[in-house]
Amino acid sequence: MEVDLNSYNTNVKNTWCPGCGNYNIHMALKKALVDLEKHPSEVVLSFDIGCNGNGGDKIEGFRVKGLHGRAIPFAVGCHLANRKMTVIADIGDGGCLHEGIDHLIHAIRSNYDITLLIHNNENFALTTGQITSTTKKGKDMYGFPNGKTEGNINIGELVLSLNPSFYAKGYSNDPIQLTEIIKSGVKHKGFSVIEIIQMCPTYNPENSAEFLNSKISKVEVTDDISLARKRVVDNKKTYTGVIYQNKKIKDYYSLLKNRKDKDTELVNEVKTYGVSNILNDLD
Amino acid sequence: MKERVSIKFGGQSGQGINSLGKFVSKALKKLGYHTFAYREYPSIIRGGYASYQIDFSPSDVLSPTKKTNILVCIAQEALEKYLFTVKKNGVIFHSVKDFKLNDNAKEYIEKNKIKIVYIDTLAISEQQKAPKIMGNMVILGSIWKVLGLDIKELVKVVLQYFAQKEGIDLEAEKRCLLAGYNLDEIKDDILKGLPKAKDKKWGNSLVITGNQAIALGAISAGCRAYYAYPMTPATSILEVLGSTYEKTGILVKQAESEITAVQMVMGSMYMGARAFTATSGGGFDLMTESISCSSMTEIPLVIVLGQRAGPGTGVPTWTGSSDLNVALYSGHGEFPRCVISASDACDSYTLIQDAFNISETYQIPVILLTEKHIAESIFNLKSLPKPKEIKRGLVKNGKKRYEYTKSGISPRWIPKEGTTTYLTNSDEHNQLGVSSEDETDIVNMSEKRMRKLISLKNHLPEPKYYGPKNPTVVFVGMGSCKNAVIDAMKQSKKRIGFLHYQYIYPLRAEKIIQFAKEKVKIVLIENNQSNGLGKLIKSESNFYISNTINKFDGRPFFVDDILEYLKQWK
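If you read the protein sequences in the order shown, they are chains E and B.
Throughout, the numbering used here is defined as the position within the first sequence, counted from one, plus 29.
Throughout, the numbering used here is defined as the position within the second sequence, counted from one, plus 1108.
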């Protein structure tokens, strides 16, 4: 099927702030899917709630806007049922690191073959700027004029501590690089974690383009985990690109013994089954 | 002649009483008896007291008795606890060396003329040059003698079982069984009047638990994925589906939490596969936000809720039926759902199939209630009923995913290449799924969803009546209490009936209203303290049932409970 950027556009009005990073993230996502020749009907997008989730009607595809923090397990359920679909979970730093952090951790260890986009704008923006675990310390936030008491979570450090198969970091002000990163993530056979530094001019103006541009350094992909770990903890620089990829780790489904010789997907197998062959085992 | 006989095996958790129970059940079945097995066990791995009770009869047995004819104990604590559950003129076999009766026990034993037989299983197994654990076989042989049954059948069952295990001395097992059978002090007239099996119709019947039946029902209904987090008494569904996964090809996933499990189910159901999850009260509580989301997004969802006793972590390995309220009222907002309730292995098998059909056709969450007493008790069925026809309510392709319709059911099609894409939205939305805060959209969409409840109600069956015409007492209930009442019908001279609710919500009330008009005593029976079903019946039919029999001690209703209750009416 023919596909171009228009195939992914909808006629729903945008509701993000001017300068919001979501515009570029959506553009990069659409471009990546077009480059990969994916028709919208081959794509499942599992959205969290929040500003990112409000993008659910601004892109074509089979889109699901579900519960806060649960974009990952829902996406996994979709993927396991039909691997012919390209499944992408789309979530903010709040949903990913707060409400649903267990899902992130277990999805990395399970290595499901889906892609995760984490929109990291360092706050809960849709609910007008509450603290998350990526908010800068000392920054005046909703209800906390003196900033947060708790420490931070470094997404890269967390992900790389879990023996992942793919971790990348993109930047909403660099949609060209982000497009390439998303393409690599979708092509990667395993759980591809893509953290995106997202501009949030309303609630996180401190992360200005000037400030970020001065820190960013693009890197080539490596399979050296200690090098990758060094990069993500570097305070002076922010490395972008595919930070780490390990192609040797097999994805969850391909390790399932009972699915090895099946050429159908679970969705193709719904019919009445006899159980007499199982009854003997139970006796 | 006795209508039914019961044997209880008691011991510590981990001592092998389940195996003993299974051997006896199987051999009894081969000899033509109908059996029902009931397990009690503590929430610990070693120690405490546990039991495996078998009730059997030439005719159907569906529930346990409170007191047994024979008690077999291989550990002191179990003996001390269960001694008081032996019937008048009953027999106790035990292998607890130097066991002394306290005053209470002595009085009970004397008053009820109970015989106590000590068997030195250790010494006998040693004589037979067998390992200590085979002492269990000695005691098994002794019971068989007392029952006056053919020992060959038991030997066959035991050897068949151990032949599958490696490194077991089969000859030694046999020697121990026979040594127990031939003990001088055991006479086959201790227990008089064992009912004779009339025919061999039960010889090839099935012996399965409620949970095994749920797993089998799910397999036959074309369920292709099972996602769950372990929690008693739902865990054994995972065991059945996991241990048969190579044959079935079902994807079995132990998720990191109940929330994950239920979300994965929704993901797979959304894609057009059939999937489900099972849990108990605490895990179900964690799933409730997803139940609300399932109804809003109109993604089908099937959850099995295996009830156990108590709030909090409660009494994890004991039974009850106190979670109807969460099944009915959990989840925020107003939305349609369906609640159905299993009562035995047979309907566990069919109702899980119904659950899938209802959930897919009406695009709503369906909660199948079961209880520890159903989930883990062992029922005897001649065979499984025919599988139900799969109904999915799918269309090939469509335009408006949330289209307004008379029935409230909008077209649902499987997301796949070439079909119309759509937005599935947990936010309130318009017919296309796009988020909407417009007041007309909110009202129209809320009404559309709720219309499904009316459509569903018209398709659900009325409760089923068991019992004679013109009964004097009719019990009304759901779940396993049905079995105790039906067993009591056979033993009582009163004209008892039972009105069995399997389809709980949306509730059909015509039949109960009809009974309410007749001159019949109506009794609500619930395995809980606060009558969840009674309250639902009141709210749906305006009929308040004032007579109630409740039990909430972690134990199921025994036949004796019903017979005792009926004594108040001449």
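Think of the hints as simulated: they come from the structure by calculation, not from any bench.
Wrong hints could be hidden among the right ones.
Below 27 Å or equal to it, Euclidean Cα-Cα: the simulated DSS-like pairs (lysine-lysine) are [what the hints assert, rightly or not]:
1) Lys113/E <-> Lys1355/B
2) Lys1189/B <-> Lys1208/B
3) Lys1625/B <-> Lys279/E
4) Lys113/E <-> Lys1504/B
5) Lys42/E <-> Lys1208/B
6) Lys67/E <-> Lys1189/B
Remember, it's a predicted structure, so these values are computed and weren't measured experimentally.
Now for the hints, and whether the structure bears them out:
1. For a cut-off of 27 Å, the pair hint linking Lys113/E to Lys1355/B stands: about 24 Å separates their Cα positions.
2. Between Lys1189/B and Lys1208/B the alpha-carbon distance is near 13 Å, which keeps this suggested pair within the 27 Å criterion.
3. Pair hint Lys1625/B plus Lys279/E does not hold up; C-alpha atoms about 67 Å apart against a cutoff of 27 Å.
4. Distance check on the hinted pair: Lys113/E and Lys1504/B sit about 18 Å apart at the alpha-carbon level, within 27 Å; holds.
5. This hinted pair does not check out: Lys42/E and Lys1208/B have alpha carbons roughly 84 Å apart, beyond 27 Å.
6. A hinted pair counts as satisfied when its Cα atoms are at most 27 Å apart, and Lys67/E with Lys1189/B does not qualify at roughly 68 Å.
Of the numbered hints listed earlier, those contradicted by the structure are 3, 5, 6.
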